[in-house]
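Using the hints, build the complex out of the two chains.
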Amino acid sequence: MPRYVAGRVAGLLPVLLVVGVTAFLLLHLIPGDPASVILGPDAPAAQVDRLRHGLGLDRPLFVQFGVWFSRLVRGDLGDSIFLRQTVAQAIWQHLGPTVGLTALAEILAIGVAIPSGVLAAWKRNSRFDQVFMSAVLLGVSVPSFWLGLNLILVFAVAARWFPVAGYESPLRGVGPWLAHLALPAVALAFTQAGLIARMARDATIEVLDEDFIRTARSKGVAEAGVLVRHALRNSLIPTVTVIGTSLANLLSGAVVVESVFVMPGLGNLVIQSISRRDYPVIEGVVLFVAVVYVVVNLLVDLLYGVIDPRIRY
Amino acid sequence: MPRFARLLLRRRPVAAIALGVLVLLSGTAAAAPWLGLPPPARIDVAHRLLAPSAPHPFGTDNFGRDVFTRVIYSGRVSLPIGMAVMALSTVLGAVAGLLTGYYRRMDNVLTRILEGLMAFPAILLAIALVAALGLGVRNEVIAIALVYFPRTARIVRASTLQLKARAFVEAAVALGEGDARILGVHIFRNALPPLIVQSTFVFAEAILADAALSFLGLGVKPPTPTWGNMLDEAHVFVTLAPWFIIFPGIAIVVTVLSLNLFGDAVRDLVDPHAVAGRGLG
Numbered sequence: 001m002p003r004y005v006a007g008r009v010a011g012l013l014p015v016l017l018v019v020g021v022t023a024f025l026l027l028h029l030i031p032g033d034p035a036s037v038i039l040g041p042d043a044p045a046a047q048v049d050r051l052r053h054g055l056g057l058d059r060p061l062f063v064q065f066g067v068w069f070s071r072l073v074r075g076d077l078g079d080s081i082f083l084r085q086t087v088a089q090a091i092w093q094h095l096g097p098t099v100g101l102t103a104l105a106e107i108l109a110i111g112v113a114i115p116s117g118v119l120a121a122w123k124r125n126s127r128f129d130q131v132f133m134s135a136v137l138l139g140v141s142v143p144s145f146w147l148g149l150n151l152i153l154v155f156a157v158a159a160r161w162f163p164v165a166g167y168e169s170p171l172r173g174v175g176p177w178l179a180h181l182a183l184p185a186v187a188l189a190f191t192q193a194g195l196i197a198r199m200a201r202d203a204t205i206e207v208l209d210e211d212f213i214r215t216a217r218s219k220g221v222a223e224a225g226v227l228v229r230h231a232l233r234n235s236l237i238p239t240v241t242v243i244g245t246s247l248a249n250l251l252s253g254a255v256v257v258e259s260v261f262v263m264p265g266l267g268n269l270v271i272q273s274i275s276r277r278d279y280p281v282i283e284g285v286v287l288f289v290a291v292v293y294v295v296v297n298l299l300v301d302l303l304y305g306v307i308d309p310r311i312r313y
Numbered sequence: 001m002p003r004f005a006r007l008l009l010r011r012r013p014v015a016a017i018a019l020g021v022l023v024l025l026s027g028t029a030a031a032a033p034w035l036g037l038p039p040p041a042r043i044d045v046a047h048r049l050l051a052p053s054a055p056h057p058f059g060t061d062n063f064g065r066d067v068f069t070r071v072i073y074s075g076r077v078s079l080p081i082g083m084a085v086m087a088l089s090t091v092l093g094a095v096a097g098l099l100t101g102y103y104r105r106m107d108n109v110l111t112r113i114l115e116g117l118m119a120f121p122a123i124l125l126a127i128a129l130v131a132a133l134g135l136g137v138r139n140e141v142i143a144i145a146l147v148y149f150p151r152t153a154r155i156v157r158a159s160t161l162q163l164k165a166r167a168f169v170e171a172a173v174a175l176g177e178g179d180a181r182i183l184g185v186h187i188f189r190n191a192l193p194p195l196i197v198q199s200t201f202v203f204a205e206a207i208l209a210d211a212a213l214s215f216l217g218l219g220v221k222p223p224t225p226t227w228g229n230m231l232d233e234a235h236v237f238v239t240l241a242p243w244f245i246i247f248p249g250i251a252i253v254v255t256v257l258s259l260n261l262f263g264d265a266v267r268d269l270v271d272p273h274a275v276a277g278r279g280l281g
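Order-wise, the sequence lines are chains L and W.
Under this note's numbering, the letters of the first sequence match residues 1 to 313, in that order.
Under this note's numbering, the letters of the second sequence match residues 1 to 281, in that order.
These are calculated hints, taken from the structure and not from any lab test.
Bear in mind that the values here come from a model prediction, so they are computed numbers and not experimental data.
Don't be surprised by glycine CBs; every beta carbon is placed ideally from N, CA and C.
Please note: incorrect hints may appear among the correct ones.
What the hints assert, rightly or not - Looking from chain L toward chain W, a few residues come up when the C-beta cut is under 7 Å (computed):
#, residue
1, 18
2, 149
3, 151
4, 152
5, 153
6, 256
7, 289
8, 293
Said to hold, decoys possible - Computed list of chain W residues with no C-beta within reach of chain L, every gap over 12 Å:
#, residue
9, 4
10, 6
11, 49
12, 59
13, 102
14, 104
15, 124
16, 177
17, 201
18, 212
19, 215
This is chain W alone, in the form it adopts within the complex (with noise of 0.2 Å):
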């Protein structure tokens, strides 16, 4: 990784400070019992909703309680939520796509079902299978990935194609290696890198649909903060605790943000002749 990490400051410096950012990010969140920070949950109502000060960095809430910790202690769960949507709908994409690519029967069953499940707005969706499944973490990573997987599974499938017809495959083929072989280790090590690149998009999907879910409660509850539930809870106080509204979003916006640079500096550095602009709808 240290070649890649100095590859990436040369040619991305951009980039390269937003992987920075996001190391920090998850850093801080994961040693924040640590950090000597007050706890998340102390209630102190004698000061609530404080504007930002020494003590307070990001002013307190309407429980008193200190908004910089709160947004720290968030990316501990709005993070995970992020990667565990990242993996499950990496390897559900990557499964679907090789197989579809690969097998022309299956593709003509599962593609139509995978372009049925792009046809629902995908908030929509994440909102209505949560709804079904009922609240809570497991559910709301598997809401999500459900999703985002088939826009992953769309473009393993088109690497897999492209591939299936290459010189290296029929060779396989003609070696007479079995399926499981070439799909598993020719195919797929082939179509790594589209895949990368779309995984860190899909971990900023997550981290936008777990923010909006939260909001509209139907993410992790308080008073466990996350982004998106102190959001919500900062909404009727508009008025009275701007800073309240600021912060957290802005952690969102962070964090979005240094995915989408660093996946689109690591899309430029496999993939020189991609077009800019991240793959979404």
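Excised from the complex, chain L in its bound form (with noise of 0.2 Å):
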């Protein structure tokens, strides 16, 4: 296991390392030169002068790459160019929101997938498996804010149950937390609870057609006992799997439901730089998120031996 685990350590090594470079070429896809568009073109050249120093542009690509991995290594994404703090406090300060909103979501996805995920498989070509089908096709076209906007019209402008908008630290009390996110949460679990539930939906077919499923029901195992303990066990697998990704879209829709609902997280911080032009924060985020994403990947990988004892590494 030990040697497993830094096996597959390593093989992320190209992929950080590609990520990296994206995120550090982002600054230099700006046409131009970067330190005067950030400054504007009303900007005194000595200005221009001082902040393209800052920002190492005045030297080679490669020791310009050189220094930010150096740094980066070190856990310094640099500083912001707008706010008085680094870029790591800044995305420190707005992780919160970005991270509940997430964790809530997931929960909410997994929790309404799996369940009928499993129902549909069991129930196959049945009515609700039908309907169950069309849900998940509606989930993987509706968009997220926009079904968000529909939310904040029902439930929170005609009948008042939620805030319209805004968050609550979870330290102010867990009540109004839970309140500030629960819209936000549902808006963003919808795609990814339908592609979770159809992939629980699909392996638990593949499972209940396997000799031990038959098994287990002629040994009298009733039927809610096949399905919790024989059929969803071994359909976890490869929904897992999807649970990993959906983590990734949902940090990345997080950004967009945010704004919907006025919420100081990541993609509050990410669209407020993109208007101040400050570029090493759009940078850290993005690095940021894609990085937790591999390391998620990661974990869910070396889930898989938990979940089923057949792996073995």
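Below is the structure:
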């Protein structure tokens, strides 16, 4: 097992390198001189020169990359141009709402998707299955931000059950925190719930045809026991893979949903940084989220062994 | 094509309807200036935020502009963006997929790069690319295509790996045919069905990505209407004018749903063994 883990981590290095280079190159994609683009056309030349020097843009590209990379390895993402703080501090400050939103959406998505997927597989080709498949298709076709706007319309404006927008820290009470997160989490979870549910359905259908299911049934195990103990556990493996991917999609989707609900998360930070042309922050957030995604997928891979004892490393 | 349409109608009626909806949507969008609609930019402040009625079936917006007209005109921007993304990412994905699938040496380098690109969450990478490249239709298309082409490449690479081992390719190699002909004719043609299916899904994803980007103010800017930027404008009026939010969204859902239904059906027709569900992620 330790050897397998080490091998998997080593295999990630090239991917992380590409991620790093791509994030680094973002600043260099800016047409023309990034320093004068950042400061705008009216900036005095001396100020532009100072920023160019501060960003290291006056040095050769590979030197810039070396400096950037060696700082990155030490956890230094650079300084924000607009905010009086480092990029790492800015990310840390905006992390709470995004993590809360993503986590809640993932819990919601899994909680709805797996039971309904297993049920749809069990009642294959029934009316329930048809409704289920239509809901899945709708799930991947509805933009989360539009769903969010509709939820606001119904549950915040018409019914007044939830706040229209905003965010409360969980430190100031779990109730208000959940109330603010509920609608955005539902909006965000819908698409991913569809994807996970379909995976759970397909995997369960495959498992239900296996011999050990027939054995379990013939020895008189109750149908609920067959589904939960025999089918579900075996269908979880492919499903867990989708959950890893879905976490990335949720983090990414959170950027858009946060803007619908005016939440001070990472998405908000990115959008604001774009209008301020604060490229180090944009670069930092993108890099941070990509690395989180890579790490989560590694953990998901390692989880297989826990779920399925047949897999040995 | 009529043979295909008839086959679709008989075997997958829902998908045939979806195709019809897509043709209707693009047709009305293309013909919009000649349909006798009120001009999409005509401001009429006296009639702002009107509820749906006979002269304004989808109501009016905060400037008194006709929402129905603007939803139709949005198709003139969002649909071509979706098509352009589909074309660009299909070409890039096909080339990258063929090369990585056929040449072991390319595979090691290029596939790592594609995997690295896929490690970025889709919308976030598109946002960052647009932010760096600058706003505008061309840059938006490039940004979205760069996000989605690695997924296409992965599918073409998988087909290429399978086809490379098939007897007819080995025969072509034995006959001394050049790599260009083997890749371009023998392998590409046989890798086409999954590529076409993937392209319709990329089209659908591109429509969603374009909507999200213009909702965030990073797509085509008002006063040119797009479904995304209409929703952005409508956001503020959520309490006053719900129709302003509902109709542009329905246009997005209908377009994306039709593309997904069509793609699913085409995949079932060309490859009955494929697992249901679209190839995301």
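Task: Interface restraint verdict for residue 151 (chain L) against chain W (beta-carbon cut-off 7 Å) - done: At 11 Å from the nearest chain W Cβ, residue 151 (chain L) fails the 7 Å test, so the hint is violated.
TODO: With 12 Å as the threshold, tell me whether residue 59 (chain W) passes as away from chain L on beta-carbon distances.
DONE: About 14 Å separates residue 59 (chain W) from the closest Cβ of chain L, which puts it past 12 Å; holds.
Task: Beyond 12 Å from every chain L Cβ - status for residue 215 (chain W) - done: 6 Å, violated
Open item on the list: Restraint: residue 153 (chain L) near chain W, CB-CB cut 7 Å. Satisfied or not?
Closed with: Result: holds, 5 Å to nearest chain W Cβ.
Open item on the list: Using Cβ atoms and 12 Å as the threshold, tell me whether residue 49 (chain W) really stays out of contact range of chain L.
Closed with: 15 Å, holds
Open item on the list: Using Cβ atoms and 12 Å as the threshold, tell me whether residue 6 (chain W) really stays out of contact range of chain L.
Closed with: Given that every Cβ of chain L is farther than 12 Å from that of residue 6 (chain W), nearest at about 24 Å, it holds.
Open item on the list: Given residue 149 (chain L) as an interface hint, is its Cβ closer than 7 Å to any Cβ of chain W?
Closed with: 5 Å, holds
Task: Verdict on residue 104 (chain W) as a residue remote from chain L, using beta-carbon distances over 12 Å - done: 16 Å, holds
Open item on the list: Minimum C-beta separation from residue 102 (chain W) to chain L exceeding 12 Å: can you confirm that?
Closed with: Label holds. Min Cβ-Cβ 21 Å, cutoff 12 Å.
Task: Interface hint status, residue 18 (chain L) versus chain W (Cβ within 7 Å) - done: 2 Å, holds
Open item on the list: Let's test the interface hint: is any C-beta of chain W closer than 7 Å to that of residue 289 (chain L)?
Closed with: At 6 Å from the nearest chain W Cβ, residue 289 (chain L) passes the 7 Å test, so the hint holds.
Open item on the list: Please check whether the beta-carbon of residue 212 (chain W) is more than 12 Å away from every beta-carbon in chain L.
Closed with: Non-interface label fails for residue 212 (chain W): nearest chain L Cβ at 5 Å, not farther than 12 Å.
Hints 3, 15, 17, 18 and 19 from the list above are not met by this structure, while the remaining hints are.
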